[in-house]
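S.K.: Take a look at the letters that make up each chain.
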Amino acid sequence: MSEFVAILTIFVLAVFIGFEVITKVPPILHTPLMSGSNAISGITIIGALLSAGSQYTTLTTALGFAAVVFATINVVGGFLVTNRMLEMFKRKD
Amino acid sequence: MSPDLVNIAYLAAASLFVLGLKGLTHPRTAVRGNRLGALGMLIAVVVTLINQQIVGYQVIIAGIVLGGLIGAIWAIKVPMTGMPEFVGLCNGFGGGASVLVAGAAFIESSLRSSGNLEMQFSAATVVSGLIGAVTFSGSLIAFGKLQGMVSEKAVRFPADHVLKALLLLGSIGVGVMVVLDPGDVNNYWYMVAVASVLGILLVIPIGGADMPVVVALLNSYSGLAAAATGFVLSNNVLIIAGTLVGASGFILTSIMCKAMNRSLSNVMFAGVGGEPPSDGPAMDDIYEGKVKSTSADEVAMLLDSARRVVFVPGYGMAVAQAQHAVRDLTNMLEERGIEVEFAIHPVAGRMPGHMNVLLAEADISYDKLKEMDDANTNFEQTDISIVIGANDVVNPLARDSSDTPLSGMPILNVDRSKTVVVIKRSLSPGFAGIPNPLFAADNCLMFFGDGKQAIQDLTTAVKEA
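Residue numbers (the numbering used here), protein chains in the order written: chain R, 1 to 93; chain F, 1001 to 1465.
Source of the hints: derived by calculation from the structure; they are not laboratory data. Small disclaimer: the values here were computed from a predicted structure and weren't measured. Note that CB positions come from ideal geometry on N, CA and C, so glycine has one too. Hints may be right or wrong, so weigh each one.
[Unchecked claim] Derived contacts from chain F toward chain R, CB cut-off under 7 Å, selection only:
hint	residue
1	Pro-1003
2	Asp-1004
3	Pro-1027
4	Ile-1061
5	Gly-1063
6	Leu-1066
7	Gly-1068
8	Ala-1104
9	Gly-1353
10	Pro-1410
Working from the sequences, and respecting the hints, build out all of it.
M.R.: Okay, structure coming up:
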């Protein structure tokens, strides 16, 4: 199996998992779902770290640096704000 | 660390993302779910950092410190009413990061191989750059609209659809050139530039009240851009995480469209919310002599004999920051043995779930927040429905007529409760630009004023009654 087919397989299976899991999220949690999934889409930070860290040329390092900043804002901001929101949804008894 | 170990760690991270999202299926497990997701991210980052491909850490540390500080301060300071802007801008950062990562990887590989790149690699780079750039610029415009820096109206100009089609074809054309001649890296940036203009033009003609759809759609794009970057880097965790986000945004987009009974292409291209429609029922015919204005004291008297009260919040509640005042009134009514619930329309506010977050912020328990279908079964048994800052989502024309911009949109049937009190500044129409016959209904009382002030006056009046 070529590498492309292998990662395509993973992509397609992830589509099914995504639909299965997300359709069960109730509407009251849709805003935290968005901010939380935003944090997860900050996973590009991995690619950003490799570009910024491999220091191949000045240009790729600079692009990597900017990408690290963007992605870190997404990751840190996303998880923190989601946590803040979800704490408010805890049942008050 | 061997490549196998790295990939196993990435697999663990991806599994934690899935489990984390699964946690979001219930408020009780949601906090834990979010932390699992964060743990997954930490694992992925740490494993990447100890990877031997990395030769220097100064740039990385500087980037993480800067981004972390901005993200943390922003996340702590942002008010709950500002969540649509927050998510809107974060989508843009995600798209921007994908553009930059794909661009950097492309340049590096192109130099290393002196322009002999596999077609799959360049094609993935093009997809990542295209979607990322549209997401980035589109999100900035959406943010501007939510902040009021860009007109909330649907901005249209002659031949705008043609221009958008040309830009799309143009960016794809440059993208094909990137694939055919990967030695010339400048083409990638030309493509990004064209796609960025396209992103701006795609969001500019969409009106403010349609922002829930746009923000959800851009959320989906930011995930897809990350997944495309995963194809560039042949990295499974990027593909899985990006795809999960893409699916999430897509599902939210279709839920929002369904809740307005509109197609995605209608939201994206019809320019709803520009100039008010000239046809449709005239305001004077509907309102003349039939609108009854009320006062805090009168409503307090009605509440005195009520057993069941339903609040219907809309974007106006967010604008007036009235959620805390509503909570105080709710507590007072409950102390008097009145059953209180909240009926929430899926598109109320400026993003999916906007109202729920505001009410949760004000300490209102989530089991009082009812979804539309659930709420609609109970309006007949409701003594008083209090509509605060909502308009189109309670307009009976959507249900009863077939020739208005709202026709067919599911609404909250507040007009079926015994009495409806509408708190609103004036009789001005909602986003759809058509009058609301509810305001002239026999069982409807208009309480004119600012949402927060009106609720506070009402609380005082109830206390004194």
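S.K.: Against each hint, give a clear statement of whether it holds in the structure.
M.R.: Against the structure, the hints come out as follows:
The interface hint given for Pro-1003(F) is violated, since its Cβ lies 13 Å from the closest Cβ of chain R, which is over the 7 Å cut-off. At its closest, the beta carbon of Asp-1004(F) sits 15 Å from a beta carbon of chain R; the interface hint therefore is violated under the 7 Å criterion. At its closest, the beta carbon of Pro-1027(F) sits 4 Å from a beta carbon of chain R; the interface hint therefore holds under the 7 Å criterion. Residue-level restraint check for Ile-1061(F) is violated (minimum Cβ-Cβ distance to chain R is 9 Å; threshold 7 Å).
Hint status for Gly-1063(F) relative to chain R: holds, with the closest Cβ pair at about 3 Å, below 7 Å. Residue-level restraint check for Leu-1066(F) holds (minimum Cβ-Cβ distance to chain R is 5 Å; threshold 7 Å). Contact between Gly-1068(F) and chain R, as hinted, is supported at the beta carbon level, the nearest pair being about 5 Å apart and thus within 7 Å. Hint status for Ala-1104(F) relative to chain R: holds, with the closest Cβ pair at about 4 Å, below 7 Å.
Taking 7 Å as the C-beta contact cut-off toward chain R, the hint placing Gly-1353(F) at the interface holds, the least distance being around 3 Å. Given hint, Pro-1410(F) at the interface with chain R, is violated; its Cβ is 13 Å from that chain's nearest Cβ, farther than 7 Å.
Hint check: violations occur at hints 1, 2, 4, 10; the rest are consistent with the structure.
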